[in-house]
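Novice: Please take these sequences and the hints and turn them into a complete structure.
Protein chains in written order, with my numbering: chain A, 1 to 172; chain B, 1 to 189.
Note that these hints are calculated values from the structure, not bench results.
Do not rely on the hints blindly, as some may be mistaken.
What the hints assert, rightly or not - Covered stretches of chain B (in silico footprint by chain A; criterion: 3 or more residues with CB under 8 Å from a CB of chain A, positions within the stretch not fixed):
| hint | region |
| --- | --- |
| 1 | 22-30 |
| 2 | 56-65 |
| 3 | 73-80 |
| 4 | 90-100 |
Claimed, not checked - Straight-line alpha carbon distances no greater than 25 Å define the calculated DMTMM-like cross-link-like pairs of lysine to aspartate or glutamate that follow:
| hint | chain 1 | residue 1 | chain 2 | residue 2 |
| --- | --- | --- | --- | --- |
| 5 | A | Lys12 | A | Glu31 |
| 6 | B | Lys109 | A | Asp108 |
| 7 | B | Lys44 | A | Glu31 |
| 8 | B | Lys116 | A | Glu31 |
| 9 | B | Lys47 | A | Glu154 |
| 10 | B | Lys144 | A | Asp139 |
| 11 | A | Lys69 | A | Glu29 |
| 12 | B | Lys138 | B | Glu49 |
| 13 | B | Lys115 | A | Glu31 |
| 14 | B | Lys19 | B | Glu9 |
| 15 | B | Lys47 | A | Glu43 |
| 16 | B | Lys109 | A | Glu154 |
| 17 | B | Lys44 | A | Glu29 |
| 18 | B | Lys115 | A | Asp34 |
| 19 | B | Lys138 | A | Glu154 |
| 20 | B | Lys115 | A | Asp46 |
| 21 | A | Lys12 | A | Glu43 |
| 22 | B | Lys4 | B | Glu48 |
| 23 | B | Lys4 | B | Asp41 |
| 24 | B | Lys142 | A | Asp108 |
| 25 | B | Lys116 | A | Asp139 |
| 26 | B | Lys19 | A | Glu31 |
| 27 | B | Lys116 | A | Asp46 |
| 28 | B | Lys109 | A | Glu43 |
| 29 | B | Lys109 | A | Glu29 |
Here the structure is a predicted model, which is why all the values come from computation and not from measurement.
Don't be surprised by glycine CBs; every beta carbon is placed ideally from N, CA and C.
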Amino acid sequence: MTYLALFWAFFKVGAFSFGGGYAMIPLIEKEIIDIHHWLPMQEFLDVIAISQMTPGPIAINSATFVGYKVAGFWGSVMATLGVTAPSFLIILILALLILRYRHLPLLDAFFKGVRPAVIALIIQAAYSVGRNSFSGVKDFAVAFVVFAGLYLLEINPIVIIALSAVIGIMIY
Amino acid sequence: MNRKLSPKELLLMFWAFFKIGAFTLGGGFAMIPLMKVEMVDRQKWIKEEEFLDIIAVTQSAPGAVAINSSIYIGFKLSGFLGSVVATLGTVLPSFLIILFVALFYSDMKSNTYVKKAFYGIYPAIVVLILAAAVNLWKAAFKDKTGIAIAVLSLAALIVFDVHPILVILLSGFAGVFLNKNARQGGGRE
Chain A
1 MTYLALFWAF
11 FKVGAFSFGG
21 GYAMIPLIEK
31 EIIDIHHWLP
41 MQEFLDVIAI
51 SQMTPGPIAI
61 NSATFVGYKV
71 AGFWGSVMAT
81 LGVTAPSFLI
91 ILILALLILR
101 YRHLPLLDAF
111 FKGVRPAVIA
121 LIIQAAYSVG
131 RNSFSGVKDF
141 AVAFVVFAGL
151 YLLEINPIVI
161 IALSAVIGIM
171 IY
Chain B
1 MNRKLSPKEL
11 LLMFWAFFKI
21 GAFTLGGGFA
31 MIPLMKVEMV
41 DRQKWIKEEE
51 FLDIIAVTQS
61 APGAVAINSS
71 IYIGFKLSGF
81 LGSVVATLGT
91 VLPSFLIILF
101 VALFYSDMKS
111 NTYVKKAFYG
121 IYPAIVVLIL
131 AAAVNLWKAA
141 FKDKTGIAIA
151 VLSLAALIVF
161 DVHPILVILL
171 SGFAGVFLNK
181 NARQGGGRE
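Specialist: In structure tokens:
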């Protein structure tokens, strides 16, 4: 029964969190702490902190982690399936419609209007990460090295992220 | 509508998404530069314009943006099977790493090396995300109204804290409205 409850709890999280990762945290908290009392608060906060520090979407990380803590390996499988299932239903329907009707002038004009707004969204994402991560000379030095690596040496972003972690360990 | 990939191409796609899942650190939008390089520049599976459209759609739907875009791109490339393979690719690194942490290494939070690594990773991510915005610039701006929409959207998002979904919808409607004017009147203000 715990497996089903895990699946359903994370299904709801997946279905009602608009805007990705951080928007999910209050929903997860409600399911895990308030409704099911699966974890004590301190452990929940640790799970969220570690989910942010490990690669991948926070939603997936926290679902896997909570699922494992509550019901072991299969618990983590069920929670992860639960949080992904709503995306599958919704995105498959949207993709089907958009790929079929994208030649329509109305939809075309809509997306032409949307694209500049997406650039704004991306810049805002950089702004919200940058606001809290530039406080000293070292931060700007890392940014400058990354900029040079990206544009002069054309290093792949994946390699850049790995290198920046190593640089961080060395200089901070 | 969508061609079917060969098993070898499916494996290639799985690996591309696996890499993206394994190196997305510091929140969903950090995935955009990685995805752009893999999907648009290297494999040429999607065009820049469509990449922007996919971000808009996946950001407006509930769920994690990384998962949503894996499902969308996978479906576009190879139907339902493609969407399952792409999503498995994105999810698997998270799943394995979290299980590893849960089993062997629960005090990662207080580890100083992890903290220091993130001090380096965050400024890098900022540069990577900004670079992605610059790279996609040309695909987004076809005329002057585009720049107006971008400036207004940015002000709405950062200054007035408007929800991204509302910004996406409003800019889409602006696109429809301005485009119609352009076609019927032969010019726009």
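Novice: Run the structure past the numbered hints and jot down the numbers of the failing ones, going up.
Specialist: Checked against the structure, the hints that fail are numbers 6, 7, 8, 10, 13, 15, 16, 17, 18 and 26, while the rest are satisfied.
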